[in-house]
Amino acid sequence: MGKRSKGSILQKEQSLAYKLLIPTLVVLGLVAIFPLGQVVVTSFTNREFAGEQETKFIGFNNYAQLLGVTVKELPPEIDDDTGEVVKDPETGETEYERSIMVLPRKPNRYKELFQYNWFGKRYVVGARDKEFLIAVGNTILFTILSVFFETVIGLFLALVVNSNFKGKGVMRTTMLIPWAVITVVSARIWEWMLEPGSSGFFNMLMYRMGLSDGQASFLTNSALQMPTMVAVDVWKTAPYMALLLLAGLQTIPKELYEASDVDGASKVRQFFTITLPLLKPALAVALIFRTLDALRVFDIFQVLMSSKMYSMASYNYFQLIQNRDMGLSSAIGVIIFIIIAIFAVIYIKSFGVDEE
Amino acid sequence: MTRTQRRKLKKVLFWIVIVVVFVYLVFPFYWALNSSLKTEDQLMMTPATFIPRDTEGNFAPTLQNYKGALSDPTFIRSIWNSTVVGFTTTALALIVGSFSAFALGKLRFKGKKPTLYLILSMTMFPQVTVLSGLYAVITALNLHPILSMILSYMIFTLPFTTWVLTTFFKKLPIELMQSAQVDGATPFQTFYHILLPLTAPALVTTGLLAFIAAWNEYLFALTFTSIAPQSRTIPVAISLFSGSIARQEPFGEIMAGAIIVTIPVVLLVLFFQRKIVAGLTAGAVKG
Amino acid sequence: MSKKILLTVVLVAVLAVVSIAQETITVAAGAVGIELELAKKAAREFESIFPGVEVKVLDTPDMATDRLGLYLQFFEAESSKVDVYQIDVIWPGDLAQHFVDLYKYGGHDYAPNHFQPIIENNTVDGELIAIPWFTDAPVLYYRTDLLEEYGFDGPPQTWDELEHMAKVVTEGEKKDNPDFWGFVFQGNAYEGLTCDALEWIASNDGGKIINSDKEITIANENAADILKKVRGWIGTIAPEGVLTFDEEASRKVWQGGNALFMRNWPYAYKLSQSDDSAVKGKFDVTTLPRGKGTSSATLGGWQLAVSKYSKNPALAAQVAFFFANYKHQKERAIEASYNPTIKTLYQDPEVLEAVPFFGTLYDVFTNAVARPSTASAPNYNEVSTLFFKAVHKIISGESNDPMGTLEELALDIAEVTGFEPVFE
Chain Y
0 MGKRSKGSIL
10 QKEQSLAYKL
20 LIPTLVVLGL
30 VAIFPLGQVV
40 VTSFTNREFA
50 GEQETKFIGF
60 NNYAQLLGVT
70 VKELPPEIDD
80 DTGEVVKDPE
90 TGETEYERSI
100 MVLPRKPNRY
110 KELFQYNWFG
120 KRYVVGARDK
130 EFLIAVGNTI
140 LFTILSVFFE
150 TVIGLFLALV
160 VNSNFKGKGV
170 MRTTMLIPWA
180 VITVVSARIW
190 EWMLEPGSSG
200 FFNMLMYRMG
210 LSDGQASFLT
220 NSALQMPTMV
230 AVDVWKTAPY
240 MALLLLAGLQ
250 TIPKELYEAS
260 DVDGASKVRQ
270 FFTITLPLLK
280 PALAVALIFR
290 TLDALRVFDI
300 FQVLMSSKMY
310 SMASYNYFQL
320 IQNRDMGLSS
330 AIGVIIFIII
340 AIFAVIYIKS
350 FGVDEE
Chain X
0 MTRTQRRKLK
10 KVLFWIVIVV
20 VFVYLVFPFY
30 WALNSSLKTE
40 DQLMMTPATF
50 IPRDTEGNFA
60 PTLQNYKGAL
70 SDPTFIRSIW
80 NSTVVGFTTT
90 ALALIVGSFS
100 AFALGKLRFK
110 GKKPTLYLIL
120 SMTMFPQVTV
130 LSGLYAVITA
140 LNLHPILSMI
150 LSYMIFTLPF
160 TTWVLTTFFK
170 KLPIELMQSA
180 QVDGATPFQT
190 FYHILLPLTA
200 PALVTTGLLA
210 FIAAWNEYLF
220 ALTFTSIAPQ
230 SRTIPVAISL
240 FSGSIARQEP
250 FGEIMAGAII
260 VTIPVVLLVL
270 FFQRKIVAGL
280 TAGAVKG
Chain P
0 MSKKILLTVV
10 LVAVLAVVSI
20 AQETITVAAG
30 AVGIELELAK
40 KAAREFESIF
50 PGVEVKVLDT
60 PDMATDRLGL
70 YLQFFEAESS
80 KVDVYQIDVI
90 WPGDLAQHFV
100 DLYKYGGHDY
110 APNHFQPIIE
120 NNTVDGELIA
130 IPWFTDAPVL
140 YYRTDLLEEY
150 GFDGPPQTWD
160 ELEHMAKVVT
170 EGEKKDNPDF
180 WGFVFQGNAY
190 EGLTCDALEW
200 IASNDGGKII
210 NSDKEITIAN
220 ENAADILKKV
230 RGWIGTIAPE
240 GVLTFDEEAS
250 RKVWQGGNAL
260 FMRNWPYAYK
270 LSQSDDSAVK
280 GKFDVTTLPR
290 GKGTSSATLG
300 GWQLAVSKYS
310 KNPALAAQVA
320 FFFANYKHQK
330 ERAIEASYNP
340 TIKTLYQDPE
350 VLEAVPFFGT
360 LYDVFTNAVA
370 RPSTASAPNY
380 NEVSTLFFKA
390 VHKIISGESN
400 DPMGTLEELA
410 LDIAEVTGFE
420 PVFE
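Residue numbers (numbering that gives the first Met the number 0), protein chains in the order written: chain Y, 0 to 355; chain X, 0 to 286; chain P, 0 to 423.
No lab work stands behind these hints: they were computed from the structure. No residue lacks a Cβ here, since even glycine has one placed at the ideal position from N, Cα and C. A few of these clues could be false.
Residues on chain P that point at chain Y, a partial pick, calculated with CB under 8 Å [claimed, not checked]:
#1 G68
#2 S78
#3 H97
#4 D100
#5 D178
#6 T235
#7 T243
#8 V252
#9 D274
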């Protein structure tokens with residue numbers, strides 16, 4: 000045995016590896032290449048969905064339309080008669096011009112996104128596609144909140160089921176229930192529970208407990224919209240997390256805990272010194288996929304929020320169906336892809352998942 | 000606070016958390032069950048009731064929703080369709096995925112990182128974006144709806160199974176492979192006989208998650224089976240339940256349909272998880 | 000010689016087989032309940048008259064966006080799998096390119112029987128895109144028992160009257176029933192809100208969004224005023240939740256006995272008279288109230304169109320005409336209170352017996368206000384989306400400057416359509 004055989008073992012490994020990978024790449028190539036290719040190409044055109052209009056290449060116009068932002072200074076309102084700055088009579092604060100006066104209109108219209116103060120001056124940030132940017136913001140916020148809660152609850156569930164807790168069988172069954180309910184139906188169930196009017200569960204509860212008159216409208220109250228969506232999503236996804244983490248927990252040898260018990264370490268210490276480090280790879284993969292899924296959220300936003308609050312994916316859908324702008328919605332798809340890719344890379348690098 | 004007092008407090012807190020989580024997870028299902036036993040009238044009652052009641056307040060559940068759901072041939076058929084699509088997708092994703100995972104997790108070759116990223120990138124597009132392109136392909140190739148669903152679901156299940164299994168394969172000690180090679184086993188034999196059984200929990204888990212993803216998928220299924228009612232899967236069939244009058248949403252029936260489908264799944268999974276995982280891990284440890 | 004005979008025989012045999020072979024026409028129509036049942040019934044009848052033809056009825060999602068989404072997928076793929084499509088009254092302009100001209104397949108025999116405004120709505124560039132199937136125009140449902148109890152003489156004529164009556168009754172009823180509200184309508188951000196809002200605005204002399212000169216007139220004081228008024232109703236005479244209501248959600252509140260007034264389409268009439276309805280026998284319908292102008296009801300309804308990509312458009316057209324003929328429209332009217340589009344049916348005694356208000360409210364149906372679908376074709380959907388979003392912002396209080404929002408809306412619509420906005 001010498002260098003030559005070592006080389007040939009390596010070569011054999013490599014060729015085996017390629018052979019093993021072929022099925023995956025073939026399947027994905029078959030199914031994914033055309034649709035994804037089409038999306039990228041279409042994003043540079045003005046193609047209409049199911050339309051007769053001639054498709055033309057318009058370069059990066061769609062992207063410019065989606066991402067175009069501008070910042071303009073907002074001058075204070077000057078009273079025409081006195082020539083002085085107008086101030087609000089109650090608060091004494093300066094009143095500013097309406098942003099519609101300042102934001103550019105031709106050749107492209109910018110709509111107000113938000114205003115802010117900077118060194119005593121007021122600025123307005125305008126965007127060409129305000130709704131898209133708001134959808135992106137909402138989706139990212141949703142993702143952060145949802146992934147956080149589902150990880151915490153999922154981890155809790157996994158630990159409980161993996162331990163010697165008396166009720167673990169019950170918890171294991173409980174955990175499977177949201178997971179087994181069909182997603183679109185679960186969105187409906189929650190919609191029904193959130194019904195404004197006391198035929199809805201939450202309103203009924205608040206009414207019976209005397210907290211309110213039972214007429215709260217959860218889905219239109221801007222303060223309650225995001226928490227509601229997160230609660231609905233976490234209900235379905237915490238079990239996913241739990242199952243993935245449970246599999247990870249089950250590969251940690253019990254002997255490690257036993258040895259640590261002998262050493263007198265507390266449960267909490269064990270969690271941080273044994274469990275967490277050994278769970279890291281499983282946790283990392285789980286987080287990556289759950290985050291990717293959360294960024295792509297569609298079903299619950301379409302059913303519960305429709306045009307009231309968009310996620311990136313539901314905005315994409317509505318652009319395609321209601322405005323039939325296939326070029327624009329393809330560009331949205333590509334931008335979503337890039338955003339997701341950024342998140343994925345950050346995760347992978349921080350967790351070191353792609354290292355040997 | 001004394002030590003025993005603190006311990007008691009911890010225990011109480013723990014139990015509170017357990018109960019809260021339990022209620023959170025179970026209650027919507029209970030509410031669905033409750034609603035499925037109500038008539039449309041009872042569903043419109045204000046305030047809502049925890050158990051089906053008639054106008055006098057007596058316990059009055061009805062089975063009409065279940066009868067309605069079960070007498071819908073599309074719904075019954077859809078259970079079969081979903082099962083076929085689910086199992087086939089899962090099997091394919093696990094087999095093909097585990098091959099790739101073995102390569103990516105244990106073998107040495109060039110281009111590992113790019114391959115990993117390439118596979119992952121498939122799941123980075125929202126389904127909505129890919130939909131019309133996929134539909135065009137399906138129509139052009141005139142694929143059967145069931146086949147088109149199975150293939151399309153590969154887009155999100157295959158990367159998932161590959162990545163998760165890769166992690167688990169990586170974790171397995173290299174010594175196992177080396178000792179097997181010394182014994183004269185080919186890499187594939189090592190993979191099949193030794194490494195695969197050790198990743199049993201991962202296989203079962205990813206299999207379950209892949210199955211459920213295929214089981215729940217709505218958008219692709221709706222589009223691909225729109226002209227083929229006999230190929231519809233459960234999410235599509237339930238959503239298209241027809242009530243007795245137009246614009247009327249047969250909410251009770253939809254709930255009944257959901258319950259009919261959920262309970263066997265939960266029972267099956269409980270059975271599988273206990274038996275398979277216990278059996279395989281026990282074997283691996285002994286071996 | 001024998002070869003030729005053999006070839007001829009084979010050819011004849013093949014032709015014979017082909018002609019005996021079944022033609023299949025697929026109709027995408029109806030989603031739920033009786034709508035679907037009646038469609039299937041009509042299909043069976045057609046099959047019995049024309050053996051050798053199979054008529055399949057395909058159920059499609061009830062949510063309009065989902066249904067449209069599905070249709071668009073078919074058109075994009077130029078699929079021949081569906082021959083006849085049930086389309087909304089607002090779609091002919093946008094989707095005309097995908098349908099055949101029914102005048103080429105015998106449409107001239109049928110068109111004159113239907114209401115002319117609808118036929119005009121369905122005609123794009125001189126081509127008849129779709130045959131009307133049923134029309135729809137909303138009415139005001141009101142509780143006769145409650146109005147009597149609180150001493151009112153009859154239903155309100157103006158929005159102010161409605162507001163007043165609703166306030167009085169709601170205050171009274173809420174003491175026992177916190178779920179009671181004065182007025183329920185469709186306030187969710189969807190096409191239904193376009194209908195409701197168009198009624199408010201048009202009845203207050205606020206125009207119809209786009210006028211006949213293709214100018215965008217929505218940014219005017221009357222429109223802003225009536226929308227401010229509606230904003231005031233939320234939480235006082237209408238529940239907060241009305242901002243999430245579609246037709247079904249409002250009907251649920253009404254049919255449960257928890258509303259004094261409801262604005263809805265006629266389909267709810269039959270349902271409200273069913274045995275397990277809490278309002279059976281306690282209500283009636285009338286024209287919608289008006290503001291400064293005249294009472295306005297938005298034109299709704301569905302049509303049947305034949306796909307350009309169909310393999311047998313002539314046969315498909317026959318199926319469409321069959322489904323929309325006198326007999327079937329009558330059936331739909333009696334069994335499900337669907338408004339026919341054939342004029343003479345409104346004098347048919349059996350129809351009037353089943354749905355009396357078809358006679359009394361005839362004028363409403365013939366004078367319904369059309370949404371600007373023809374004017375803004377092929378971008379009606381986009382225009383409507385901009386409109387209902389802006390309205391939703393105003394009535395939900397998200398915008399506290401209605402006029403400003405309407406001005407922005409006008410600019411938005413101008414961007415999409417290329418028309419000139421008119422500001423007051």
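Consistency of the hints with the structure:
| no. | hint | in the structure |
| --- | --- | --- |
| 1 | G68 | 4 Å, holds |
| 2 | S78 | 11 Å, violated |
| 3 | H97 | 7 Å, holds |
| 4 | D100 | 15 Å, violated |
| 5 | D178 | 6 Å, holds |
| 6 | T235 | 12 Å, violated |
| 7 | T243 | 5 Å, holds |
| 8 | V252 | 7 Å, holds |
| 9 | D274 | 20 Å, violated |
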